[in-house]
Each structure stands twice: as structure tokens, then as C-alpha cells.
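Next come the chains, spelled out residue by residue.
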Amino acid sequence: EAQVTQNPRYLITVTGKKLTVTCSQNMNHEYMSWYRQDPGLGLRQIYYSMNVEVTDKGDVPEGYKVSRKEKRNFPLILESPSPNQTSLYFCASSLSVGGYTEAFFGQGTRLTVV
Amino acid sequence: AQTVTQSQPEMSVQEAETVTLSCTYDTSESDYYLFWYKQPPSRQMILVIRQEAYKQQNATENRFSVNFQKAAKSFSLKISDSQLGDAAMYFCALKMYSGGGADGLTFGKGTHLIIQP
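Protein sequence lines, in the order shown, are assigned to chains A and B.
For the first sequence, this note's numbering begins at 12 and goes up steadily by one.
For the second sequence, this note's numbering begins at 1081 and goes up steadily by one.
If you are wondering where the hints come from, they were derived from the structure by calculation, not from laboratory data.
As the structure is a prediction and not an experimental result, all values here were calculated from the model.
Ideal placement from N, C-alpha and C gives every residue a C-beta, glycine not left out.
Some clues are possibly wrong.
[As the list claims (entries may be wrong)] Listed below are the simulated DSBU-like cross-link pairs for lysine-lysine, each with C-alpha atoms no more than 35 Å apart in a straight line: (1) A:Lys28 - B:Lys1135; (2) A:Lys28 - A:Lys80; (3) A:Lys68 - B:Lys1135.
[Stated by the list, open to error] The following label-pair restraints were derived from C-beta to C-beta distances: (4) A:Gly27 - B:Ala1152: 46 to 54 Å; (5) B:Ala1151 - A:Asn95: 34 to 42 Å; (6) B:Gln1196 - A:Asn95: 15 to 23 Å; (7) B:Thr1107 - A:Ile23: 18 to 26 Å; (8) B:Asn1138 - A:Lys29: 45 to 53 Å; (9) A:Ile23 - B:Ser1108: 39 to 47 Å; (10) A:Gly27 - B:Asn1147: 44 to 52 Å; (11) B:His1192 - A:Glu113: 18 to 26 Å.
Start from the sequences and build out the full structure, keeping to the hints where you can.
Right under this line is the structure:
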């Protein structure tokens, strides 16, 4: 089954404790991205990757890191989480960045930083 | 940069009635795609309908249809014969055809749709 898998789905952590949210897709997609969703703000892009070893900042990259060492995986790293990073996070992938290619979303990760 | 505006934070409709969700957008490009996504309480993002900007014909998917007005930069979603399962957050989104850069999906803030039984 074609899918984007995020883990964990729920995470509660303390300020400053490094964490990683994993994202994996099994569709051989080139383009992957991370979004955060906050009430009243919709979804905003954090980082994106157009292919292996090619990553760039989205609209709200502060406090986040990503890596793309393999085509299928695109982890989101919070080196020193803060309470303002409490949010719902989505990973998404699509076949390519240009033209019409449907975006497939993971099931979301609810992160709470206390 | 492009923007997407959903001016209705919340809408309510009686079951079996028709409801229209509004969306306006702004972009300087002429080639792009527009989408409506549904997010039920499960949080899953589900693609409802899409529209290619170069197509004049409005897209339709069963009970869901859009009114795409390119000159006005308007993209509303009409849900006919509303069902309880339609209750969700709905997001309007824009994607550039050219891709590149941070041109992933640009989302509106969402409209929470309530279906009254």
C-alpha cells in the first residue's frame, strides 16, 4: 500500500530535549516536505527536499533541522525544543515538485513541549 | 509569494442541505493548481477535489464541486446533500505549476464545517 508513515503519532517532551520525528514513504517520491499545523494558522511549510541531499527552508524553519540521506526518509529534528513548537506536524511526499503531482500526507504527529 | 485566504472560520449546515465554503488566493503566476483538503477528527489530510488553473471547466467529484473564477482569484467549494461524515476542517490550498523553491502547497487557515442532524 502506498503510504507516508510518520512516527511517533503522539509525543510529549520537555524543553531542550532533542527529538526526531521520522517520516518514510514507499512510493519512490522525489519531493518531501514537513508542515506544522496550528489553530487559526492552517498548515505552514517548515522544510522541503527536492531529492537526496537537497533540502531547503520553507516558511517557518527556525528551530528545526532535516536531512535526506535516503530517498524514502526525511526526518524532522528538533535540537532544543521549546513550548512554541507544540503543534501538529505533517510529512508529505509527491512524485516531483513541478507540474501536478498529488501530495500524500502522513497521519500527523502531535507534539507537546512542556 | 502566494497567499490563500479562507474568510469563514466556521460554517454550519443542516444535513442534506447544500453549503459553500469560500476561498480566495493571490499569485502573480498564471499556471497553478488549486485544491480542497478535508481533515476529519482523525487528522488525516484527504484530497477532496483539485482544479487546474488552465481549465475553464469547474471540477466535480460526486457531491463536491468547485466554482473557479480565475480573474477574481476565487475558488469556492460546494457540498451538496451534506452528510454527517462531511463534518471536518476544510483547507483550500494552492500549488504553483513550475515548482521549485518553497513551492509546495500554500494553505488557507481552514474552515470548520459542522453538520447539524
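Cross-check of the supplied hints:
1. A:Lys28 - B:Lys1135: With Cα atoms ~49 Å apart, lysine 28 (chain A) and lysine 1135 (chain B) exceed 35 Å; violated.
2. A:Lys28 - A:Lys80: Roughly 23 Å between the alpha carbons, so the hint for lysine 28 (chain A) and lysine 80 (chain A) holds.
3. A:Lys68 - B:Lys1135: Measuring from Cα to Cα gives roughly 31 Å; hence the hint holds.
4. A:Gly27 - B:Ala1152: 46 to 54 Å: 48 Å, holds
5. B:Ala1151 - A:Asn95: 34 to 42 Å: 40 Å, holds
6. B:Gln1196 - A:Asn95: 15 to 23 Å: 36 Å, violated
7. B:Thr1107 - A:Ile23: 18 to 26 Å: 39 Å, violated
8. B:Asn1138 - A:Lys29: 45 to 53 Å: 48 Å, holds
9. A:Ile23 - B:Ser1108: 39 to 47 Å: 42 Å, holds
10. A:Gly27 - B:Asn1147: 44 to 52 Å: This hint holds: roughly 49 Å between Cβ atoms.
11. B:His1192 - A:Glu113: 18 to 26 Å: 24 Å, holds
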